[in-house]
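Read in order, the letters of the sequence shown are residues -17 to 224 in the working numbering.
These aren't lab readings, by the way, just hints derived from the structure by calculation. Just so we're clear, the structure is a prediction, and the values are computed from it rather than from any experiment. The C-beta atom is built at its ideal place from N, Cα and C for all residues, glycine as well. A portion of the hints provided could be inaccurate.
Mimicking DSBU-like on lysine-lysine, the simulated pairs with C-alpha atoms at most 30 Å apart in a straight line are [claimed, not checked]:
#, residue 1, residue 2
1, K151, K68
2, K202, K84
3, K98, K68
Okay, the calculated beta carbon distance ranges per label pair [as the list claims (entries may be wrong)]:
#, residue 1, residue 2, range
4, G94, K62, 30 to 40 Å
5, E58, G22, 33 to 43 Å
6, D71, D159, 32 to 42 Å
7, L182, A208, 34 to 44 Å
8, Y63, K0, 42 to 52 Å
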Amino acid sequence: MARGIAHIGVLKVIEEFKIPIQYIAATSAGSMVAAMYASGLEVPLIEEIALRISWGRIVKLAFFRPGFISGEGMRELMEKYIGVKKFSDLKIPLAAVATDIKTGEAVVISTGDVAKAVAASTAFPGIFTPEEYAHHVVVDGGIANNLPVQVVKDMGANFSIAVDVVPAKPIHYLPHDAFQVFGRSLDLILHKISLEQRKLADILIEPHVDEDIWHLDLHKAKRLIAAGEMAARQSLRKIKRH
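Work out the full structure, taking the sequences as your base and the hints as a guide.
This is the structure:
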């Protein structure tokens, strides 16, 4: 989840070079950044939020439900910064991807309450409780589609810039607790299921940090933003050609 913060660094470069964004499709933690940006928040403010965020501001314990943390905290966090917004209120069309826990299919959310959609897209399985959307019960979108390139093409984009924050390279050290083992195992799966979507992207940006970043490492936001910025700059020549 924490690695989604790297998207902010990419946005900093895109803004600096005035590259227009007409559609956004996002999954999991990327949907948080995407919703803030699509609602009109300036990138420096989004960066400031990421540098201050902590699990204490997100965690709302869930009792007698299939998950330890309720999505209520995520909804409250989003509403604090973007207000109570519908997708139709956004300045840039946005689609947030979640996963139907019954069927395993991707659920593309582009209508209704934005904060609730973000809570659905970020509902990390086993940690956050599943969310309800329309007639679906959903969890984190990465399980079904962690790099929604085709989704943004279906929205109308004729040129796509994809940001894959799941590390493709081996980790440096073995996981030291059960959650890190689960997170690393999930990353291996996510990388494999994203291979086809990676091929569909016109530009593929892959932020890299010279250390192991685990899903809960929100305190490494500064390094993640820098990694996103560096990776975007490396791809900038290709982007400017288009």
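With 34 to 44 Å as the target window, see if L182 and A208 comply at their CB atoms. Given range 34 to 44 Å: violated, Cβ gap about 27 Å.
Assuming the hint says 33 to 43 Å, is it satisfied by the Cβ distance from E58 to G22 or not? 20 Å Cβ-Cβ, so the 33 to 43 Å window is violated.
Between Y63 and K0, does the C-beta distance stay in 42 to 52 Å? violated (24 Å)
Please verify whether K98 and K68 have alpha carbons no more than 30 Å apart. holds (10 Å)
Within 30 Å, alpha carbon to alpha carbon, are K151 and K68? Violated, because 38 Å separates the two Cα atoms, which is more than 30 Å.
Is it true that G94 and K62 lie within 30 to 40 Å of each other by Cβ? violated (19 Å)
Using the C-beta atoms of D71 and D159, is the stated range 32 to 42 Å upheld? At roughly 41 Å between Cβ atoms, D159 and D71 fall inside 32 to 42 Å, so the hint holds.
Tell me if the straight-line CA distance from K202 to K84 falls inside 30 Å. violated (34 Å)
The structure does not agree with the numbered hints 1, 2, 4, 5, 7, 8 stated previously, though it agrees with the rest.
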